[in-house]
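Residue numbering for the sequence shown follows my numbering, starting at 1 and increasing by one per position.
Since the hints were derived computationally from the structure, they do not count as laboratory data. Heads up, a few of these hints could be off.
Using 27 Å as the maximum straight-line C-alpha spacing, the simulated DSS-like pairs for lysine-lysine come out as follows [unchecked claim]:
(1) K1067 <-> K1056
(2) K1067 <-> K1161
(3) K825 <-> K731
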Amino acid sequence: MNYRYNKIKIGIWLILIVSFSLAFTFREGEGGKKFQKVTLKSGDAYFMGINNINMPMNREGVMGEVTIEGHLAGGKLNNVGSETSGNFLFSGGFFLSGVTNGNVWANAVASASRIQDYQAGTYEAGPTDSRAQIYVLSARDGDFATSWEEWKDAVALGAYYHDGNGDGTYDPVDLNGNGKWDPTEDRPDLIGDETAWCVYSDQVDPALRRFNDVDPQGIEIRQTVFAFASKGITGNMIFIRYSILNTGEVADVIDDVYLGVWADPDLGEEQDAYLDDLVGCDTTLNSGFVYNNGPDNDWGVNPPCFMIDFFQGPIAYIPGETFVDANSNGTFDEGETVLDTAYNIQGQARGIATVLGAKNLGLSSFVHYMQSHPELGDPNTRLEARNYMLGTNKFGNVLDPCTWTYGSVLGGVPCAEVDPRFFYSGDPVTQTGWINTYETDQRQMSNTGPFKLVKGQPVDIVAAYVVGRDDNQLSSITKTKEYDLIAQLLFDSNFPTLPAPPAIKYEVQTGTGFIDLTWETSEQVNYTGVDTVLDVDRKLEGFYLTAFRSNSKAGSIQGVDNSELLSAYDLDNFIDDIYKVSGNGGQDRIWQRATQLDILLYGDPLTGRIRYRLESDPFTGGPLIKGHEYYFAITHFYLNHNVIINRDEFNENDTIVYGPQYPGAYYDPLGVAMEEFETPLIRVIYDEDIYSPASKTGTAVKSGTSDGNVKYLVVYPDQLTGDDYKVNFFKDETQPDTAVYSTFWKLTNTTTGEVLIDSSKIYNFDTTSFAGSVTEGIILKVEPLIPAYESNYFNFIPEDQIWYQRFATVEAKGVYYVGKDIPQKSTITNFPANAVSNVITADRLRRVEIRFGANGVGKAYRYLNGFIGGVIQARNSHRYAGGITAADTIGKGTVGKLREGFVDVPFTAWVVDEKHNQEYQLAVGFVERRNSGGDFNGIPDGIWNPDTAVTRTKEVIVVFDSPYDPTGSQIEFTGGTFGDSTVWADISTGYTVPANAQGVTDEQRRIAKSPWFNAMYVVGLAKPKENPGVTPTGTFYIPVTTYPYTGADQFTFKTKLKGELSEADKKALFDKINVYPNPMFGFNPATSYSNSAPDEPFITFTNLPPEDVTLRIYTLSGTLIRTLTTADKSNLTSPFLQWNLRNEDGLRAASGLYLAIVTVKGYGDKVLKFTIIMPQKQINRF
1 MNYRYNKIKI
11 GIWLILIVSF
21 SLAFTFREGE
31 GGKKFQKVTL
41 KSGDAYFMGI
51 NNINMPMNRE
61 GVMGEVTIEG
71 HLAGGKLNNV
81 GSETSGNFLF
91 SGGFFLSGVT
101 NGNVWANAVA
111 SASRIQDYQA
121 GTYEAGPTDS
131 RAQIYVLSAR
141 DGDFATSWEE
151 WKDAVALGAY
161 YHDGNGDGTY
171 DPVDLNGNGK
181 WDPTEDRPDL
191 IGDETAWCVY
201 SDQVDPALRR
211 FNDVDPQGIE
221 IRQTVFAFAS
231 KGITGNMIFI
241 RYSILNTGEV
251 ADVIDDVYLG
261 VWADPDLGEE
271 QDAYLDDLVG
281 CDTTLNSGFV
291 YNNGPDNDWG
301 VNPPCFMIDF
311 FQGPIAYIPG
321 ETFVDANSNG
331 TFDEGETVLD
341 TAYNIQGQAR
351 GIATVLGAKN
361 LGLSSFVHYM
371 QSHPELGDPN
381 TRLEARNYML
391 GTNKFGNVLD
401 PCTWTYGSVL
411 GGVPCAEVDP
421 RFFYSGDPVT
431 QTGWINTYET
441 DQRQMSNTGP
451 FKLVKGQPVD
461 IVAAYVVGRD
471 DNQLSSITKT
481 KEYDLIAQLL
491 FDSNFPTLPA
501 PPAIKYEVQT
511 GTGFIDLTWE
521 TSEQVNYTGV
531 DTVLDVDRKL
541 EGFYLTAFRS
551 NSKAGSIQGV
561 DNSELLSAYD
571 LDNFIDDIYK
581 VSGNGGQDRI
591 WQRATQLDIL
601 LYGDPLTGRI
611 RYRLESDPFT
621 GGPLIKGHEY
631 YFAITHFYLN
641 HNVIINRDEF
651 NENDTIVYGP
661 QYPGAYYDPL
671 GVAMEEFETP
681 LIRVIYDEDI
691 YSPASKTGTA
701 VKSGTSDGNV
711 KYLVVYPDQL
721 TGDDYKVNFF
731 KDETQPDTAV
741 YSTFWKLTNT
751 TTGEVLIDSS
761 KIYNFDTTSF
771 AGSVTEGIIL
781 KVEPLIPAYE
791 SNYFNFIPED
801 QIWYQRFATV
811 EAKGVYYVGK
821 DIPQKSTITN
831 FPANAVSNVI
841 TADRLRRVEI
851 RFGANGVGKA
861 YRYLNGFIGG
871 VIQARNSHRY
881 AGGITAADTI
891 GKGTVGKLRE
901 GFVDVPFTAW
911 VVDEKHNQEY
921 QLAVGFVERR
931 NSGGDFNGIP
941 DGIWNPDTAV
951 TRTKEVIVVF
961 DSPYDPTGSQ
971 IEFTGGTFGD
981 STVWADISTG
991 YTVPANAQGV
1001 TDEQRRIAKS
1011 PWFNAMYVVG
1021 LAKPKENPGV
1031 TPTGTFYIPV
1041 TTYPYTGADQ
1051 FTFKTKLKGE
1061 LSEADKKALF
1071 DKINVYPNPM
1081 FGFNPATSYS
1091 NSAPDEPFIT
1101 FTNLPPEDVT
1111 LRIYTLSGTL
1121 IRTLTTADKS
1131 NLTSPFLQWN
1141 LRNEDGLRAA
1151 SGLYLAIVTV
1161 KGYGDKVLKF
1171 TIIMPQKQIN
1181 RF
């Protein structure tokens, strides 16, 4: 339902519903150490920058032409390529006119026409009332915030509120203690995501007015400005509600009242860009607008359109039109027939008020005037102002569209049929109707009326500023009208909103050489906005962090890049890349897969956080500069999952089909699925935290043999205990024996003896990731390790005398780990596939050297293949040679050194491991294969000789994880006779030592039972085919590339209590107090972006402690000219203090040499000398 017309055009419904998939949410808190909520009382001026529009305002009704420190004056469309080219409004305000006791009057707030007839405050209290300020409400404050409590002052001045408990007083109390506002509880008049409220009255003395024959009329205006925090369509509009009250100070009834929403629009500022503006109105939308005649000097080829629309006109009772005046008294009385209904849209909390027998008036006229035009110039009298509000020229003459010099009636429209009250009501896009043809610096006014002002009965009128920009000046008009329709539907629906995405809670801290920006993620990750009527299912997709060169979010300034993407993150879900329809009908990628965020980890309030550490200037690449200002914004963006489709499934006109190569790519065919929300500009002064700096990544001291490391990240400095800690490891004995070797770790506070984390398997060494559980202020980062060794042909000394063939797994050449618990585990070609050691584990890996020499330098256990059992069994039999008898060899070839199981070999194996500080000889073995033809073609002569093919001879070297026994008496490797039974060892299957065997340990039994026993490595080396008789020499070594954690590892560290500097460190900083620039020559070259004039230089004192500081500046003659204290700092804890080079009387200091004495209690005095050379300037005071 459209409460302006009481109907809506169904034809635009689909467009509007799609547009409602855009979010109406809030921006984030202003910069600072901790997340700060907005201060309610904003003083006499406020800058609203919650969305795409930047709008300064003051408490006397002026919009745009308000200078606020750190912000340029004027209404601007944000982020359009230049800090100044975004201008669309020079000044905004209103005219008001009526008849009081038969006298016509007019007053206004129109700063460009130098009219200011209203002053801050109510009629009763006046402008000196300390409560006469701008009050700001923000959705990001949350329910029952301080701003809700302070709204009591606004209510006392006339502000609206929701009286939830119906007691007639405003008292915002959480009655049920659930921390959330409920409809039965009071709440302030917050509409949208940010609301700014003030009250002003027409009490300006007539002598100070432009219309000096107009007395105050007893009128108060309660002004409410509100907006939605969106970077989409709803981010291009700001709403203004004028609640006009007749206090009755002059008359009980003021008749024939008109309100004109006035503006001095300037589409651009630079190079006289505001001189090419044209105006028009659209009576179907109740709006007036300004646009350009073509490309603009400031905006370029596609200047925007700025529109002012009445969404809710004044409520008027009109006999015969809105009700049947049965008794002819001119007043709607109970029981009379209702012909129409008016509505007062008040927001979701206060609802919609229905007024029977009345209507909301629409646009009654639209006019423009030019600054010094004789007929259409600035109004000089109340009657001229009144005439403008009636739709005539300032002399009361109706314009003739047929002859009017500054416009033409086009497109075959009969000019005599054009209503002259609505200047330029034609369509510039289609060039039909009455069109403005003279571009100039415009003033425009959208009027509504007439209505009455009855004592004590406020009249609410709602208008909106809407800005749209498209490909050219005419399509921008079309775009703005589309936006205006969306704004109207938003208004008519009483501002329906999805659940607001939570504000980002962020912290900023500087450290030595870096800036940390940290924000929590759980609230955004867990947010879902669902509206079945609007077909919205909105979910977070990611975050990104942007740096800005200046304190503007413009992409570039005067052709210089002003923004730089620092980092991007998106949820680890089914969506990777996002595409949307482009202007030429194709598809543009608007998001590419970035750093993935685990939804469970980042959705947990205890673990979900992101920290970005900036260690260099994002624009120059150089180091961060002390005292320099850096600017950032954090953006979180969401997708409406109901309107995106997978590119694999997209088929446009049955011609373009995207195949399965795009499983994670999604397409937004309407271009409305993504909505972004960002923090305001975050301002950081590097080294501002010099006395409480952010901590660098802490590194624990290692004791042990692993290759791992432990570090810690300080998340909450105030929770640091200053205690000692240790991290220990123990093997996971519960996991399956086929799993990769792993350990648990535990964290112990050794000062208190408390185990803080026990049995953890969280191994994450990404020190850029701050997600995780916080323990006593820190997150532990334990490096994950996967045990590994190296099988490398070149691991030989000397390398130029390698005598064996290159490694090939299929030919059993190389180094093999036959255990189960590292990824490199492997079986060996021509050995049983199930021959896997159950004994060796990764924590037993050592660096091993196999040293070759003459035969007999060492002895090895010998195992013979193929002599036990039938053909099939024999293939897998590898019995200890001492257990092979002559009978076993019948029909299977001869065996040299029969019954000899411990024989001379030309090699020895040694542990030579610096990590473990170990060097000792290891037991070794080798295999020989029978030679009886067919598959059995080995060389079982009792002499290790792999020949040229290990797969044929099977003569691999087995390096056991046992010390060398020169007697060969290690029963687990041999087997033998145990009492009344004999059992021989088999290296490929293991064997079971009889239960009644004497003198055998449990460990020996365990080793004997395992295939390969406790072999650490099995090595296959084949002699070269071109020289099979080579004599092996040199040393082949097997390095361990990754040593795992073991129970012998311990890491220790100590935190810094509260993260604070020691007194010695603080004193050292105090001794470094300095001043820059020194000398200061004309201006300060070290300043970052500032709106200060170039001839207003300053110097900065740095390294000042946060304690009370007194800084006295003297001339060389000893004259004290200025005293500065902590109160003069930008904030109390800042180490910087600027002096504006003025004395106590505000006069500029002379050029010369000066002394400064810095006094800090507990530190002493610091004396500085510095020189200033002032720029030339005319001084008007002496």
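Here is how each hint holds up against the structure:
For the hint linking K1067 to K1056, the alpha-carbon distance of about 17 Å falls within 27 Å, and the restraint holds. Restraint check for K1067 and K1161: satisfied, since their Cα atoms lie roughly 12 Å apart, inside the 27 Å limit. A C-alpha spacing of about 19 Å is found between K825 and K731, which places the hinted pair at or below 27 Å, so the restraint holds.
Violation of the numbered hints given earlier is absent; every hint is satisfied by the structure.
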